[in-house]
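Protein chains: 2
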Amino acid sequence: MKTLLKHAHVLTMDDQWTAFEDGYVLTEGGRILEVGSGNMPEADRVVDCRGGILLPGFINLHCHASMVPFRTMGDDCPDRLRRFLFPLENEALTPELVYLGAKYGIGEMLLSGTTTFVDMYYFEDEVARACLETGMRGFLGETVLSQKTPDSESEGGGLKLTEDFLRKYAASDRIRPIVAPHGTTTVSEAALRACEALSEQYGALLTLHASEMDYEMTYFRDQGLTPMSYLGRLGLLSDRLLAAHCIHLTEDDLKQMAAHGVRIAHCIGSNAKAGKGISPIRDAVSRAIPFGFGTDGPSSGNTLSIFDQMRLFAVTQKTRYHDRSLFPAREIVRYATRGGAECLHMEHTLGQIAPGYAADLQVISTDAAHMFPLYNPYSALVYSANASDVDCVMADGNLVVVHHELTQWSLPALREELKRAMSGFYQAAEKYREII
Amino acid sequence: MKTLLKHAHVLTMDDQWTAFEDGYVLTEGGRILEVGSGNMPEADRVVDCRGGILLPGFINLHCHASMVPFRTMGDDCPDRLRRFLFPLENEALTPELVYLGAKYGIGEMLLSGTTTFVDMYYFEDEVARACLETGMRGFLGETVLSQKTPDSESEGGGLKLTEDFLRKYAASDRIRPIVAPHGTTTVSEAALRACEALSEQYGALLTLHASEMDYEMTYFRDQGLTPMSYLGRLGLLSDRLLAAHCIHLTEDDLKQMAAHGVRIAHCIGSNAKAGKGISPIRDAVSRAIPFGFGTDGPSSGNTLSIFDQMRLFAVTQKTRYHDRSLFPAREIVRYATRGGAECLHMEHTLGQIAPGYAADLQVISTDAAHMFPLYNPYSALVYSANASDVDCVMADGNLVVVHHELTQWSLPALREELKRAMSGFYQAAEKYREII
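Just so you know, the protein sequences line up as chains A and B, in that order.
Heads up: the first sequence begins at 1 in this note's numbering, then just goes up one per residue.
Heads up: the second sequence begins at 1001 in this note's numbering, then just goes up one per residue.
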């Protein structure tokens, strides 16, 4: 079946910044067939974009989608990971909550124009199940942690779950299994090496939290190391490594990351809300280190919207380097699309509107008051737009969002289901009430 | 006529943070009569808020609402004020554009929950006209500038327009005329003193851009001064002074501001996007200097949404001071409401939900994906919500927004009118195309 998206302001995100003010995109079976303007081809189904901005779906490089129940809980609480997040996860997380949370989070991402996401959590098989029920593309990994987790007693359990997961989804179309040790100080050296071995053996992406926490930095500094130099010593630096956060990087870290092809999942919404710092992305880019945006989980960000990341990225980089001209808007839109694809080694399939590329597309309505005028559409996307402006989304060739509504399932109904499933979770949270 | 807003999560913003999970607010003739929960009073008109968050309307302390035509133009261009904004204003601004832009901007603000704004621009009488046609409260001032402006050849012209304006609106209910010299380096000493004299004579607020620009800081530093110490020398520091921006403040500046009761209109969206810096608001607050949020104009911010300011404020202050616990969400909501009221000496009328206060209210829908769960409603407002979540707005007792639509006029129709009026403006902009 051929689908024609017409009357759109198409931003192709190609090398020449080609755009069509009254353009169209023709898709068939999950692929883009044609993009252009003028005489439109025939199609079985036609979507009138009414002048909306049509661009590739966003790529979210770091998420824990299932953490929806934690949203707005203890947002301003220092050291929340150790003080209530880890404990509460261990006490109250169930496979059902992970499944429902993931499905809710995926719905939220689709509604905000994201069509590919990277996720690491527990019971990741439940995340995969939710993902397969939708049009979303998932790079999913079971978290390996050297302490008790909701679904394993030790790092050995996490490694076993990871390998099972790698095998189970090896041939999946929309799910790419990845390896996901939690972080540089929360996983033993042996388990980190085992993760790297799995990543190499299966040709799978490896992702972890790195150079994020103050205590992490202190821990390594005391040994004359940085998190990145430590990972280098263990042999984890490679172009399969997608390092999340990377707030605190030395010149030498950047040099090593560039030399080994390491990629950065930049989570500015999460980092800035926690007051942790602003990653030196300008310096990473000047060394040609690939990077893209991650929302982090819904209790970190607190939204799963890449629009929020784009805007926060713009203002924090410009402020950090005291330079208004740094990262013009259109470059930022490119990092949110092609940049993310490059980090996943998917730049020949995702992140552009061109024949042969995946039919992962979004249409941004210009109806909202803040979307006028549209002198520069990239500027409007970065500085004005928000998740609620996303009108239609096509994921893997399927129209999954039409006029701001999911087509495949009801988010309000899912919310009610999640509310019921959360009662035990909220009960368990009671004992942390003073800090959350 | 009595209006009852029912089934709302009411945040009163009083000293005790009183909230009602299933609460109501009763209004009559522009005033709040009653707030509570349980048995509801009789009313002539009932609005079911369906569990939405009900709070006081936001107060926007710094705006140039009419600058809508400039939005997304040259966002990443350094020194844009002198390179194209001032020149283009002088070449292409007309009273009609100011009127239509103001009306559009006011519509955008009402749609995003703002019910009071401070504005300074040219042809300010046209802004007043637009304001009077809506339910918005405006603190409006004609800009005094010691160079040619769109509506005067010299500062003398601006001063004359200011005095006319002060007289014309002296008795207005919803418009408070103010005195608005442009900035510390763009207005002569004599004109600044004349502005202060007018402000004192008419008991009017005085607002200007201060401690914002790099060149402004250098200019005063070369004379052993700061913008604030210069204003002090001229006798402009008083509790009638609402200083916009205040990015670069010394300890002594803060001391002087506190001693004289100066207020800050903090414009973080504008400041951060320009890479100018982050105002030391924590230090201002520790000296009890009143502050609130300003969006700046729609080409600075780029939205007129106080939600965007709240979130950017949270993340930039926490990052600047490396402290996640700084400014918990509920305090930020208070600055956006009561804080703004205090800056305008309106804290006994605006910014709280209590009997006798103005019926300036907003209801935030919790339908959007990012608004669930609502463990902490203040957190949801600061970290998750955006302008598009505003469901209903009451301004001065009138329901001006119902279910995300203006009730008094059509924004799409206004947009078409503005588009037509902008053709000459876009023609004039052509010569700046390379930088914008």
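In short, the hints are calculated from the structure, not lab data.
Treat the hints with caution; some may be incorrect.
What the hints assert, rightly or not - The calculated PhoX-like cross-link candidates involving lysine-lysine, where the alpha carbons are at most 25 Å apart (straight line), are:
(1) A/Lys160 with A/Lys148
(2) B/Lys1160 with B/Lys1148
(3) B/Lys1168 with B/Lys1148
(4) A/Lys148 with A/Lys168
(5) A/Lys6 with B/Lys1006
(6) B/Lys1168 with A/Lys419
Said to hold, decoys possible - Over 12 Å on every C-beta distance to chain B, these chain A residues come out as not near it, computed from the model:
(7) Ala43
(8) Ala170
(9) Glu189
(10) Asp222
(11) Ser388
Unchecked claim - Listed next, with one range per pair, are the computed distances between beta-carbon atoms:
(12) A/Glu42 with B/Asp1044: 26 to 36 Å
(13) B/Pro1087 with A/Arg50: 52 to 62 Å
(14) A/Asp79 with B/Pro1087: 44 to 54 Å
(15) A/Ala421 with B/Ser1037: 20 to 30 Å
Think of the CB as a built atom: it goes at the ideal place given N, C-alpha and C, for glycine as much as any other residue.
- Item | Pair hint B/Lys1168 and B/Lys1148, alpha-carbon separation not exceeding 25 Å | At roughly 24 Å apart (the allowed maximum being 25 Å), B/Lys1148 and B/Lys1168 satisfy the hint.
- Query: Beyond 12 Å from chain B, beta-carbon-wise, is A/Glu189?
  - Reply: holds (29 Å)
- Given pair status - A/Lys168, A/Lys148, alpha carbons within 25 Å: Given that 25 Å is the threshold and the Cα spacing comes to 24 Å, the pair holds.
- Message: Can you confirm whether the C-alpha distance between A/Lys160 and A/Lys148 stays at or below 25 Å?
- Response: holds (14 Å)
- Query: At the C-beta level, are A/Glu42 and B/Asp1044 separated by a distance inside 26 to 36 Å?
  - Reply: violated (57 Å)
- Does B/Lys1168 pair with A/Lys419 here, judged by a C-alpha cut-off of 25 Å? This hinted pair is violated, its Cα atoms lying about 56 Å apart.
- Query: Are A/Asp79 and B/Pro1087 spaced within 44 to 54 Å by their CB atoms?
  - Reply: This hint holds: roughly 52 Å between Cβ atoms.
- When you check the alpha-carbon spacing of A/Lys6 and B/Lys1006, does it fall within 25 Å? violated (43 Å)
- Message: Verify the CB-CB distance for A/Ala421 and B/Ser1037 against the hinted window 20 to 30 Å.
- Response: holds (28 Å)
- Message: Beyond 12 Å on every Cβ pair: is that true for A/Asp222 relative to chain B?
- Response: For A/Asp222, whose nearest Cβ neighbour in chain B is about 19 Å away, the distance exceeds 12 Å, so it holds.
- Query: Closest CB-CB distance from A/Ala170 to chain B, is it above 12 Å?
  - Reply: holds (32 Å)
- Message: The hint says 52 to 62 Å between B/Pro1087 and A/Arg50; measuring C-beta to C-beta, is that right?
- Response: violated (35 Å)
Comparing the model with each earlier hint shows violations of hints 5, 6, 11, 12 and 13; every other hint is respected.
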